[in-house]
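Sequences are here, hints too, so could you generate the full structure?
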Amino acid sequence: MATYLVSVLNGLAMGSLLFAIALGLSLVFGMMDVLNLAHGAVYLVGAYVAVALVADGAGVAAFVLAVLAAAVAGAVLGGLLAALTRATAHHLDQALLTLGVALVVGEVLTLAFGTDVHSIAAPEPVGGGVTVLGETYPVYRLLVIGFGIVLAVAVYFLVERSPLGSLIRATVADRAMVAALGVNTGRVLVGVFAAGAALAAVGGVLAGPILGAQPGLDEKVLLLALVVVVIGGLGSVRGALLGAVLIGQVQALGTALLPQYASFLVFAAMALVLLLRPTGLLPARTAVHA
347 MATYLVSVLN
357 GLAMGSLLFA
367 IALGLSLVFG
377 MMDVLNLAHG
387 AVYLVGAYVA
397 VALVADGAGV
407 AAFVLAVLAA
417 AVAGAVLGGL
427 LAALTRATAH
437 HLDQALLTLG
447 VALVVGEVLT
457 LAFGTDVHSI
467 AAPEPVGGGV
477 TVLGETYPVY
487 RLLVIGFGIV
497 LAVAVYFLVE
507 RSPLGSLIRA
517 TVADRAMVAA
527 LGVNTGRVLV
537 GVFAAGAALA
547 AVGGVLAGPI
557 LGAQPGLDEK
567 VLLLALVVVV
577 IGGLGSVRGA
587 LLGAVLIGQV
597 QALGTALLPQ
607 YASFLVFAAM
617 ALVLLLRPTG
627 LLPARTAVHA
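All residue numbers for the sequence shown refer to our numbering, where the first residue is 347 and numbers rise by one.
These are calculated hints, taken from the structure and not from any lab test. Keep in mind that a hint or two might mislead.
[Stated by the list, open to error] Computed spacing ranges between beta-carbons, pair by pair:
no.: 1; residue 1: 463; residue 2: 617; range: 27 to 33 Å
no.: 2; residue 1: 425; residue 2: 528; range: 20 to 26 Å
no.: 3; residue 1: 604; residue 2: 463; range: 41 to 47 Å
no.: 4; residue 1: 614; residue 2: 436; range: 27 to 33 Å
no.: 5; residue 1: 624; residue 2: 422; range: 32 to 38 Å
no.: 6; residue 1: 607; residue 2: 522; range: 46 to 52 Å
no.: 7; residue 1: 528; residue 2: 625; range: 30 to 36 Å
no.: 8; residue 1: 562; residue 2: 408; range: 35 to 41 Å
no.: 9; residue 1: 403; residue 2: 496; range: 22 to 28 Å
no.: 10; residue 1: 613; residue 2: 507; range: 31 to 37 Å
no.: 11; residue 1: 471; residue 2: 349; range: 24 to 30 Å
no.: 12; residue 1: 569; residue 2: 489; range: 21 to 27 Å
Glycine residues also receive a C-beta, built at the ideal position from the N, C-alpha and C atoms.
In structure tokens:
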């Protein structure tokens, strides 16, 4: 029982990280109709920010600084990506452009940090563990789960219940009408792109003590984020949360029970959802209009 509970907690921690990473991808693709394949590279930037600032262990202040620095770097990259993709109307052009950016960013990071696998220590005050049914479980992972819950609630109210969220949804639904009201729709869309990229970079810092940092990790994270987006439904906050929790559990329990089939189970879950719900479990109600 304790072993299964630990696996479930690991799944929730992984789901929280996937939610932070996939949320921006879901909003940008589902609401702005931009396919951003550089999202994983932005995540990796955040992971290497953690390597530079807190790799060997540091206090909470240094870790918070790494989170803030990663958020700023992610927002800047997101703004640049929004500007680059603004003139591309077709998904193939967007995919090729952002894939090229991802390759350049990945190569620059490899030149700066090498090809070694870098481990990242959790902040010293939360580096220990607590006893769960006789098993020791890391405090840091419990905090990551808490972060995922807080983020889900905050983003849901921001997107679904706030004036800013109404403006974003209106811009996506009818950009010309919102522009006629005097709103700079370009800034709104760039802001969504930058916020999504900032979340991905912050996810890279938070995932550092769990996944570390190494070349190629951006591709794995991007693939998992795409699976989450497809399962949850494009542009849906609730869908991204549900998809992230589902994939986190499938991956954690699959690794614990059937390690040789863990990767297969993730894609099997996606295939099953698409067979039953082609638009995802909780697709957004707002459609994109060019």
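- At the C-beta level, are residue 607 and residue 522 separated by a distance inside 46 to 52 Å? 49 Å, holds
- Query: Can the suggested window of 32 to 38 Å be confirmed for the beta-carbon pair residue 624 and residue 422?
  - Reply: 36 Å, holds
- Task: Check the following: the C-beta atoms of residue 604 and residue 463 are separated by a distance inside 41 to 47 Å.
- Result: Taking Cβ atoms as reference, residue 604 and residue 463 lie about 25 Å apart, which means the hint is violated.
- Query: At the C-beta level, are residue 562 and residue 408 separated by a distance inside 35 to 41 Å?
  - Reply: 27 Å, violated
- Message: Taking the Cβ atom of residue 613 and the Cβ atom of residue 507, is their distance within the range 31 to 37 Å?
- Response: 35 Å, holds
- Is 30 to 36 Å right for how far apart the beta carbons of residue 528 and residue 625 are? 34 Å, holds
- Could you tell me whether the CB distance from residue 425 to residue 528 stays inside 20 to 26 Å? 22 Å, holds
- Task: Could you tell me whether the CB distance from residue 614 to residue 436 stays inside 27 to 33 Å?
- Result: 31 Å, holds
- Query: Does the hinted range 22 to 28 Å hold for residue 403 and residue 496 at CB?
  - Reply: At 25 Å between Cβs, range holds.
- Message: Just to be sure I understand the hint, the distance between the Cβ atoms of residue 569 and residue 489 should be within 21 to 27 Å; is that true here?
- Response: Holds - the Cβ-Cβ distance for residue 569 and residue 489, about 26 Å, lies within 21 to 27 Å.
- Task: Please test the hint of 24 to 30 Å on the beta carbon pair from residue 471 and residue 349.
- Result: 27 Å, holds
- Message: A range of 27 to 33 Å was offered for this pair. Does it hold for the Cβ distance of residue 463 and residue 617?
- Response: For residue 463 and residue 617 the Cβ distance comes to about 31 Å; the hint holds.
Of the numbered hints stated above, those contradicted by the structure are hints 3 and 8, listed in ascending order.
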